[in-house]
Amino acid sequence: MRLQLRLYVVGGDYLSDTALKNVRKLLGDDADIDVVDVARCPQLAREHGVVAIPTLERVRPEPRKRVIGDLSDREALKKFLGCGQ
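Each residue of the sequence shown is one higher than the last, beginning at 1 in the numbering used here.
Do not rely on the hints blindly, as some may be mistaken.
[Unchecked claim] Cut-off 30 angstroms, straight-line C-alpha distance, at most; resulting in silico cross-link-like pairs (BS3-like, lysine-lysine):
| no. | residue 1 | residue 2 |
| --- | --- | --- |
| 1 | Lys-25 | Lys-78 |
| 2 | Lys-25 | Lys-79 |
| 3 | Lys-65 | Lys-21 |
Simulated from the structure, these hints should not be mistaken for lab results.
Make the full structure from the sequences, and use the hints.
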């Protein structure tokens, strides 16, 4: 099953940009990444209970999980995504 991720960011924010770069560097085109700019869609962040930016959510495969931060710890990111085994 293909990874489906959602990354909540604030466009132009350094940590948000870094988080997106780190995920793309690790996964390339091996995942679908939906980027949500909470400055443009704050209601979506509220509906999904996002309390910090950047937040990466693994939507699929289940179970859903979240991690907060710039995602610079490559080993922790691999473990979170389930590709570090």
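For each hint, the structure was consulted:
This hinted pair checks out: Lys-25 and Lys-78 have alpha carbons roughly 12 angstroms apart, not beyond 30 angstroms. With a CA separation close to 15 angstroms, the supplied pair Lys-25 and Lys-79 stays within the 30 angstroms bound. Distance restraint check for Lys-65 and Lys-21: the Cα-Cα separation of roughly 20 angstroms lies within the 30 angstroms cut-off, and the hinted pair is therefore satisfied.
Checked against the numbered hints above, the structure violates none of them.
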